[in-house]
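Peer 1: These are the residues of each chain, in order.
There are 2 protein chains.
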Amino acid sequence: MKIVDFRIHPIAIADPPLRSSYGLHAPYALRTIIEIESEDGVVGINATYGAESQVQALNLLKPRILGKNAYAITGHLQDLFSDIPGEDDTSQTFLVPGENPADTGSRAFAAVEVACLDLIGKSVGQPVCHLLGGRVRDKVPFSAYAFYKHAGGGGEGGDLREDEYGEALAPDNLVEQVRQMIKKYGFDSIKLKAGVLDPEMEIRTIRRLRESFGSEFPLRIDPNCAWSIQTSFYVGHALREELSSGGYLEDPTSGLRSMGIVKNMLEAKGVDTPLASNVAVTRFDDLPDCVRFQSAQIILCDHHYWGGMRRVQQLGRVCHTFNLGLSMHSNTHLGISLMAMAHVASATPHLSYACDTHYPWQSAKDEVVEGGRIPFEDGCVRVTDRPGLGVELDMDQLERGKERFEKCPYRKRDDTAEMRKHVDSTWNRVLPRW
Amino acid sequence: MKIVDFRIHPIAIADPPLRSSYGLHAPYALRTIIEIESEDGVVGINATYGAESQVQALNLLKPRILGKNAYAITGHLQDLFSDIPGEDDTSQTFLVPGENPADTGSRAFAAVEVACLDLIGKSVGQPVCHLLGGRVRDKVPFSAYAFYKHAGGGGEGGDLREDEYGEALAPDNLVEQVRQMIKKYGFDSIKLKAGVLDPEMEIRTIRRLRESFGSEFPLRIDPNCAWSIQTSFYVGHALREELSSGGYLEDPTSGLRSMGIVKNMLEAKGVDTPLASNVAVTRFDDLPDCVRFQSAQIILCDHHYWGGMRRVQQLGRVCHTFNLGLSMHSNTHLGISLMAMAHVASATPHLSYACDTHYPWQSAKDEVVEGGRIPFEDGCVRVTDRPGLGVELDMDQLERGKERFEKCPYRKRDDTAEMRKHVDSTWNRVLPRW
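Line by line, the protein sequences give chains A and B.
Number 121 in numbering that gives the first Met the number 0 belongs to position 122 of the first sequence; there are no gaps in the numbering.
Number 289 in numbering that gives the first Met the number 0 belongs to position 290 of the second sequence; there are no gaps in the numbering.
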């Protein structure tokens with residue numbers, strides 16, 4: 000299955016002004032859509048991060064990919080994985096996902112792997128999950144992903160999007176946001192992106208969520224390292240009821256050692272809330288210390304930067320072997336990534352928690368898959384027998400995304416710059432903030 | 000790709016009177032050949048262990064397989080893996096590979112998975128390695144596998160095979176055996192199956208091998224748990240030079256804790272010989288304690304009982320993550336298994352040692368692949384672009400294997416019974432023997 004073309008399309012999609020400890024989301028998020036075409040005219044597609052560095056890495060791969068067999072190509076790209084542990088901090092404490100130089104190679108590999116799997120699936124009439132060993136579940140559950148946010152739906156000028164959920168900078172309107180999201184998508188677990196308001200306000204938000212939705216909705220809180228060890232313990236202890244039974248405390252503080260200390264402090268007080276991570280643990284090299292220090296009990300995988308779908312399955316095996324839970328991290332994305340996440344999740348037996356998704360924060364106006372937005376049923380995405388990822392590109396919509404990219408003044412995600420521009424001109428990301 | 004037939008062929012193949020700490024190989028080894036046929040008449044093949052329990056397990060699967068999609072079937076067979084750690088000893092200390100009830104499900108799963116991969120590969124014109132993510136090496140290195148043995152080439156009556164290597168029950172004729180094997184196959188590493196003679200004789204054998212072949216041929220010794228902790232340390236220390244630089248000490252004693260003690264005793268004396276295992280470590284559940292106790296630094300995988308090719312790739316990832324080496328265990332096998340081993344090894348980046356193979360101990364008269372024996376080049380098996388595993392069944396040869404099975408009086412491997420019959424009527428497998 001000879002590859003004759005590899006097309007790289009940088010796009011920009013409207014993104015609402017969501018807050019996190021990294022700062023503020025800009026009006027547009029950047030993504031890269033790729034197409035890999037075989038000599039018989041079948042096209043495999045995929046989506047990944049959209050920073051300039053990502054586009055460059057993919058452009059560099061082009062000559063290595065053209066003319067090669069789509070089935071075999073990823074075997075030849077093993078050098079993209081750096082096996083030499085660097086001296087630099089490889090975590091995502093100070094870097095947003097997609098901007099970490101430590102996983103540039105993994106991200107490029109994953110982008111090619113998934114596009115090839117889509118191409119193969121479309122060529123032989125099989126869904127991607129079946130190229131990975133066969134799915135173990137038809138429906139992949141996702142979680143409601145609640146954000147403190149400013150008013151606005153994202154985009155600028157003629158691209159302004161409707162503000163579907165409104166402002167949410169206090170417990171009450173955050174609860175309202177979740178209520179709307181659950182009504183629309185049917186999610187049955189809830190994650191709060193925290194590290195934005197004073198911890199007391201975030202504790203209050205979680206408690207209001209519990210009061211509003213009851214204990215059938217597991218709760219997760221993720222301050223992206225905004226807290227000290229002491230504050231992490233304080234919040235974890237205060238929310239010991241609310242975060243138990245299916246919930247978790249995600250990356251409360253930075254570093255594998257500090258995470259482990261928080262876990263041990265909580266355990267010493269009889270609090271068994273598991274810690275989760277996609278900041279301290281971002282690659283296989285992080286896992287031995289994670290196990291040793293008990294830094295995290297749940298790993299939030301992401302095929303986009305863990306090196307593709309097969310590596311996520313392998314991570315699932317590592318987690319199962321070492322008694323770690325597995326869930327899935329998300330970044331701003333469209334339907335192609337959502338379907339890729341669903342396919343790999345469906346073929347990874349050990350996935351033990353509903354996955355994260357930013358999908359509710361995007362709009363039909365930005366979707367690039369034919370037929371528009373991917374439907375959710377009871378909070379789940381259905382993995383069907385449609386070939387490949389089960390979606391095709393809407394070329395008109397892709398064109399609009401490329402036009403937005405051309406107009407967009409930035410070429411990487413910079414939540415600090417955005418925070419300074421709109422909220423506080425002196426803002427810095429101080430860790431720990433509380 | 001609908002499966003319309005699943006055929007199970009128990010066969011017997013001649014096997015020379017090889018010795019190990021388990022006892023003596025019987026004149027025939029049992030194997031099971033399977034065929035999975037799709038509705039368009041393509042046939043995928045595979046080979047696995049041949050005990051009656053194995054055949055029964057496969058027969059039980061038949062109704063679950065017929066009518067299903069070959070791409071999807073293994074996703075539906077996850078219940079074959081028991082995730083509940085049993086109270087029983089799950090190691091292979093007292094059971095030969097293929098006779099361990101703890102991995103009955105994994106073995107059945109693997110048998111189906113590989114046959115489906117062969118079927119898919121043959122249907123789409125791709126080698127199995129490319130269905131697994133693409134090969135990272137074209138040639139898979141194997142090691143010379145030397146055995147103390149009695150005179151005889153295996154088989155009985157009209158099936159008696161030529162004794163190609165002759166008796167080898169002392170260092171000198173063992174060295175001669177290895178010389179013959181290296182000349183014929185081109186291997187560049189050597190493994191001695193030990194636990195048969197007095198440890199002093201086995202030490203002498205290893206030293207004679209080193210004198211004869213030099214340090215360019217890494218040496219391995221495997222007594223299958225025949226030694227006490229003290230003897231293991233004694234031999235490991237005595238052979239500290241010979242087993243270093245690419246060699247290893249394999250399963251000297253039984254149990255993860257005892258192996259770890261041997262490793263620590265050796266380290267305390269400055270001996271850095273790695274320990275390897277396919278007895279103490281036979282499934283993922285064994286790995287956390289293996290890491291914790293430093294029981295083994297090299298895992299000898301085997302797709303036949305680890306649960307198939309994708310699980311071997313996953314094991315490779317676990318090993319890479321936890322800084323363990325990876326090599327491959329072998330049992331008496333023919334060309335189908337050899338090619339399956341080569342395909343998965345070629346698509347497992349982390350494989351870091353030449354694989355074991357019993358292939359030199361079998362004869363062209365027993366081979367069931369079309370065209371006869373698989374060729375070796377410089378000790379390696381070449382993984383080509385031929386579809387599937389790259390081999391087809393020779394139906395006449397298969398028929399002869401089935402006839403031998405019918406004539407064969409036993410239905411499981413029992414090296415103790417054979418030892419009593421031919422060597423010592425009072426023999427028992429005493430552990431540790433020395």
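Hints may contain errors.
[Unchecked claim] DEER-style ranges, computed between Cβ atoms:
(1) B/Ser-351 / A/Ala-267: 38 to 44 Å
(2) A/Pro-374 / B/Ser-351: 29 to 35 Å
(3) B/Gly-40 / A/Arg-63: 34 to 40 Å
(4) A/Arg-63 / B/Arg-410: 49 to 55 Å
(5) B/Glu-38 / A/Met-394: 34 to 40 Å
(6) A/Ser-351 / B/Asp-39: 35 to 41 Å
(7) A/Leu-65 / B/Glu-376: 53 to 59 Å
(8) A/Lys-61 / B/Gly-124: 52 to 58 Å
(9) A/Ser-351 / B/Lys-268: 31 to 37 Å
(10) A/Arg-63 / B/Ala-169: 32 to 38 Å
Because the hints were derived from the structure by calculation, they are not lab data.
Note that the structure is a prediction, hence the values are computed from the model and not measured.
Note that the Cβ used here is the ideal one computed from N, Cα and C, for glycine as well.
Peer 1: Check each numbered hint from earlier against the structure, then list the numbers of those it violates in ascending order.
Peer 2: Hints 2, 7, 8, 9 and 10 contradicted; others consistent.
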